[in-house]
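Make a model of the complete structure from these sequences and hints.
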Amino acid sequence: MPLLFPPLLHAVSVAAVTAAAITILAFICAPHLSGDALIIDYDGRQYQFSLDDVTIRQAMAIEKFMGCPFAEWGKRLQKGDDLAARQVLGWLILHPDGKTAIAETDFKMVALGAALEAAWAAEEAAAAEAAGPVPTAAASNGRKLPESFPVS
Numbered sequence: 130m131p132l133l134f135p136p137l138l139h140a141v142s143v144a145a146v147t148a149a150a151i152t153i154l155a156f157i158c159a160p161h162l163s164g165d166a167l168i169i170d171y172d173g174r175q176y177q178f179s180l181d182d183v184t185i186r187q188a189m190a191i192e193k194f195m196g197c198p199f200a201e202w203g204k205r206l207q208k209g210d211d212l213a214a215r216q217v218l219g220w221l222i223l224h225p226d227g228k229t230a231i232a233e234t235d236f237k238m239v240a241l242g243a244a245l246e247a248a249w250a251a252e253e254a255a256a257a258e259a260a261g262p263v264p265t266a267a268a269s270n271g272r273k274l275p276e277s278f279p280v281s
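Residue 130 is where the sequence shown starts when you use my numbering, and the numbers rise one by one after that.
One should not assume that every hint holds.
With a straight-line cut-off of 25 Å between C-alpha atoms, the simulated BS3-like cross-links for lysine-lysine are [claimed, not checked]: (1) LYS204 to LYS237; (2) LYS193 to LYS228; (3) LYS204 to LYS193; (4) LYS193 to LYS237; (5) LYS208 to LYS237; (6) LYS208 to LYS193.
The calculated label-pair distances, taken between Cβ atoms and stated as ranges, are [to be verified]: (7) PHE199 to PRO262: 13 to 23 Å; (8) GLU258 to PHE199: 30 to 40 Å; (9) LEU180 to ALA255: 15 to 25 Å; (10) PRO262 to LYS208: 34 to 44 Å; (11) ALA213 to GLY261: 39 to 49 Å; (12) GLU258 to ALA230: 11 to 21 Å; (13) ALA213 to ARG186: 17 to 27 Å; (14) LYS228 to GLN175: 12 to 22 Å; (15) ILE185 to ALA213: 12 to 22 Å; (16) ASP165 to GLY261: 11 to 21 Å.
I should point out that these hints are in silico values taken from the structure, not numbers from a laboratory. Cβ atoms here follow ideal geometry from the backbone N, Cα and C, with glycine treated the same way.
Pasting the structure below:
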């Protein structure tokens, strides 16, 4: 039996995968990956994630699974078209204890991507709030005011 809407299904799946790839790419390139862990709300649970927390055993498991150095995994993840690289990221977030094999890690790509995006936005908002308001100053042309110039 032929598919009734193959172009529509293809467009939806390509759009979903593209959205997930962009979200994950933005997340991986984000400056907050080191330091405080992100709090990721996904599938009714909260997960903490920071690249600073990746252990040597996790890195070695990633290299074995991916068949490349750890740094290459990051590059492949940034490129955005490697599902195995995304699966590793999901494994690090969802199974940091390493008790689940990387190959057995399963998750909803778009939902996890949206959760990462929300966590990133929440961290950026908290950082902006902690920084406080940005003071505004009058524009200056670089010249000093004369001593007799009235200032009000």
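Consistency of the hints with the structure:
| no. | hint | in the structure |
| --- | --- | --- |
| 1 | LYS204 to LYS237 | 22 Å, holds |
| 2 | LYS193 to LYS228 | 16 Å, holds |
| 3 | LYS204 to LYS193 | 16 Å, holds |
| 4 | LYS193 to LYS237 | 24 Å, holds |
| 5 | LYS208 to LYS237 | 20 Å, holds |
| 6 | LYS208 to LYS193 | 20 Å, holds |
| 7 | PHE199 to PRO262: 13 to 23 Å | 40 Å, violated |
| 8 | GLU258 to PHE199: 30 to 40 Å | 34 Å, holds |
| 9 | LEU180 to ALA255: 15 to 25 Å | 19 Å, holds |
| 10 | PRO262 to LYS208: 34 to 44 Å | 39 Å, holds |
| 11 | ALA213 to GLY261: 39 to 49 Å | 43 Å, holds |
| 12 | GLU258 to ALA230: 11 to 21 Å | 40 Å, violated |
| 13 | ALA213 to ARG186: 17 to 27 Å | 19 Å, holds |
| 14 | LYS228 to GLN175: 12 to 22 Å | 19 Å, holds |
| 15 | ILE185 to ALA213: 12 to 22 Å | 20 Å, holds |
| 16 | ASP165 to GLY261: 11 to 21 Å | 18 Å, holds |
Violated hints for the displayed structure, listed by number in ascending order: 7 and 12.
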